[in-house]
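Numbers given in my numbering equal positions in the first sequence, counted from 1, plus 220.
Worth double-checking, as some hints may not be accurate.
With a cut-off of at most 30 Å between alpha-carbon atoms, the simulated DSSO-like pairs for lysine-lysine come out as follows [said to hold, decoys possible]:
hint	residue 1	residue 2
1	Lys-686	Lys-696
2	Lys-669	Lys-622
3	Lys-532	Lys-501
4	Lys-562	Lys-474
5	Lys-718	Lys-686
6	Lys-622	Lys-474
7	Lys-642	Lys-622
8	Lys-622	Lys-562
9	Lys-659	Lys-555
10	Lys-659	Lys-622
11	Lys-669	Lys-689
12	Lys-510	Lys-474
13	Lys-532	Lys-508
14	Lys-501	Lys-622
15	Lys-669	Lys-659
16	Lys-508	Lys-555
17	Lys-696	Lys-642
18	Lys-510	Lys-532
19	Lys-474	Lys-512
20	Lys-501	Lys-438
21	Lys-696	Lys-727
22	Lys-474	Lys-718
23	Lys-562	Lys-659
24	Lys-686	Lys-727
25	Lys-474	Lys-508
26	Lys-669	Lys-727
27	Lys-474	Lys-501
28	Lys-532	Lys-512
29	Lys-438	Lys-532
30	Lys-323	Lys-349
31	Lys-718	Lys-689
32	Lys-686	Lys-659
33	Lys-642	Lys-686
34	Lys-562	Lys-510
Worth flagging that the hints you see were computed from the coordinates, not collected in a lab.
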Amino acid sequence: MTYKQFQAIRGTRDLLPPDTALWNRVEQTAHEVFTTYGYGEIRPPVIEPTELFARAVGGDTDIVSKEMYSFVDYGVARVAALGNAITDWPDPTNDEKDFSAYKNTVSAFIDTYHRAVAADELHPSSANKPAIEEVQSRFDALRSCSLQNEKSRELASQIIRAIYLAVRIAELGDYVTLRPEATASVCRAYIEHNMQQLPQPVKLYYLGPMFRRERPQKGRYRQFYQIGAEILGGPDAPAIDAELLEMLMTFFAKLGLEGTTLDINSIGHAADNCRRGYVAKLREELLKVKDKLGADSQRRIETNPLRVLDSKLEHEQPIIAALPRIADHLCDDCKTHYAAVKRDLDLRGVAYHENWRLVRGLDYYMRTTFEITAMDLGSQNAVCGGGRYDGLVELLGGPPTKGIGFAIGEDRLILSLQESGKGAAPQGRDVYIAWMGEKTYATAIRAAKNLRNAGFSVELPPTEQKFGKALERASKLGARFALILGDNEIQSGEWTLKNLATSEQQKLTEQALLEYLRRT
RNA sequence: GUGGGAGUAGCUCAGCUGGUAGAGCGUCGGUCUGUGGCACCGAAUGUCGCGGGUUCAAUCCCCGUCUCCCACCCCA
């Protein structure tokens with residue numbers, strides 16, 4: 221026994237049976253429903269260049285630095301680690317031993333840098349190249365210096381400064397990030413594989429783990445799971461928005477998720493006469509009532525006035541209710557689009573709730589935005605969010621491309637299904653083979669193999685058990701039938717099958733057994 | 001990142017403001033060598049989250065730390 225047990229790192233967890241059966245049901249349903257709408261599955265890597273997410277999400281450094289799992293790639297990390305060791309070195313010129321260790325480390329740093337460049341793991345930039353060259357030249361000078369003189373001390377501090385520049389400021393190396401969401405990856409893949417040459421629009425879905433370095437709470441993990449879909453290319457026809465929403469609601473209905481409501485809104489597009497005009501107007505109105513708002517909302521007046529609408533503070537509600545609404549400021553195109561989406565949803569029989577306060581935090585979202593909430597999820601009650609993002613592919617270096625998509629928080633979806641009693645039952649068995657006696661063992665193996673081949677779930681106990689014990693275990697495991705194999709059965713060739721729910725027993729030949737089980 | 005609550009057996013929890021640990025459920029075995037669910041009997045499993053302090057003595061009091069939960073922040 222070790223003293224310290226390993227445990228899953230903060231915000232991550234094991235998904236175990238029987239819960240995993242529910243996860244599989246959810247994912248299987250996604251595959252089925254999305255396929256009927258003509259979507260194909262995409263599986264992008266979970267790791268991407270940090271820059272991809274930084275650009276997609278926007279310049280907000282808070283998100284980039286605080287909430288993403290980012291790190292430097294391997295070969296490069298060694299360069300950076302050596303550099304950090306050097307910059308943290310107290311005073312290398314104090315004693316001979318320390319001084320020579322220091323020189324070795326600097327030498328290793330320069331060496332590792334060049335090796336990383338040669339191996340194409342690291343790219344010399346206009347920022348880090350001169351810094352490295354400076355380190356090199358100071359180091360050459362330092363090598364001929366003796367210990368403990370003014371010159372060596374001066375050179376050492378210059379080296380530290382140069383390395384600091386190289387490592388900390390010039391961002392030595394390639395930065396990678398565990399994906400915090402998949403939309404950016406899907407757009408990257410669309411561009412990288414020239415999917416604009418496929419019949420448009422391209423409809424893709426994905427599912428899998430995402431990572432965010434947030435403080436964990438219920439339904440909110442550092443490794444969490446999303447199921448999402450994106451439609452890229454083609455027109456921005458309202459029918460596309462409506463069909464996407466129809467598919468979503470179908471998916472939730474098939475899962476039996478209760479208390480779902482679909483909130484929709486249109487936030488116009490970025491141009492002057494549409495959202496930009498509205499945001500200016502909103503900010504203007506907010507400034508008039510600034511004193512009555514909480515600190516968070518006051519800050520947002522400057523940073524992101526739209527998010528003030530999200531506020532849940534009780535005393536701000538009447539103020540917010542009186543604010544100008546974006547629906548009254550949409551340009552004609554956006555207004556028409558929004559009306560058409562709603563009309564299309566009516567045609568499809570998709571119930572929705574218009575929520576003029578539903579906004580998205582990011583600039584690239586436009587026009588249709590939506591959110592789906594389920595019952596009883598505490599403050600984190602949204603299970604799905606999404607919207608139209610016609611500018612994103614272009615922002616990432618691709619051709620102008622229309623886009624719309626959503627992401628479902630699978631962890632919360634599962635939680636909600638479990639809380640409304642839609643959780644998975646423990647996995648039972650179809651047949652438990654109660655065998656006794658050396659001679660029956662071979663028959664038991666054959667029976668197990670044949671039943672499994674026929675698709676039944678079979679438990680074959682590894683050691684001989686008394687029949688009483690065997691039946692006890694069979695019922696504990698939730699088996700439907702016990703197949704009793706003893707001397708009598710081997711002799712007569714008629715096996716005993718016991719229905720554990722009704723206690724009824726019957727004799728069946730090997731062939732008849734298969735047929736009987738298939739019928740029930 | 002901020003604030004609050006909690007961590008005792010596999011699970012749910014009890015444990016008197018200090019005297020080195022308990023129940024129920026579950027697991028395993030027996031009563032029971034060809035018949036399960038019931039009943040009865042028995043057993044195993046705990047560095048009382050971790051580290052330090054106070055004390056003759058700490059699961060209990062104090063400090064730190066980790067993890068979980070709740071709220072905030074944020075929400076791609």
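message: Check the hint pairing Lys-642 with Lys-622 against an upper bound of 30 Å on the C-alpha distance.
response: violated (37 Å)
query: Within 30 Å, alpha carbon to alpha carbon, are Lys-669 and Lys-659?
result: holds (17 Å)
message: Next pair to validate is Lys-642 with Lys-686; report whether the Cα-Cα distance is within 30 Å.
response: violated (37 Å)
query: Can the restraint linking Lys-562 and Lys-474 be considered satisfied, given a maximum Cα separation of 30 Å?
result: holds (23 Å)
- prompt: If you draw a straight line from the CA of Lys-438 to the CA of Lys-532, is it 30 Å or shorter?
  reply: Holds, because 19 Å separates the two Cα atoms, which is no more than 30 Å.
task: Please work out if Lys-669 and Lys-727 have their alpha carbons no farther apart than 30 Å.
output: Distance ~20 Å between Lys-669 and Lys-727 Cα, so the pair holds.
query: Has the given pair, Lys-474 with Lys-501, been kept, meaning a C-alpha gap of at most 30 Å?
result: violated (43 Å)
message: Between the alpha carbons of Lys-501 and Lys-622, is the straight-line distance 30 Å or under?
response: holds (28 Å)
field: Restraint check for Lys-562 with Lys-659, where alpha carbons must lie at most 30 Å apart
entry: Violated - the C-alpha atoms of Lys-659 and Lys-562 are around 72 Å apart, more than 30 Å.
query: Between Lys-686 and Lys-696, is the straight-line Cα distance small enough, at 30 Å or below?
result: Holds, because 15 Å separates the two Cα atoms, which is no more than 30 Å.
field: Holds or violated: Lys-696 to Lys-727, with C-alpha atoms at most 30 Å apart
entry: holds (23 Å)
- prompt: Taking only the CA atoms, is the gap from Lys-474 to Lys-718 under or equal to 30 Å?
  reply: Given that 30 Å is the threshold and the Cα spacing comes to 35 Å, the pair is violated.
This entry does not satisfy hints 2, 7, 9, 10, 12, 19, 20, 22, 23, 25, 27, 33 and 34, going by the numbered hints stated previously.
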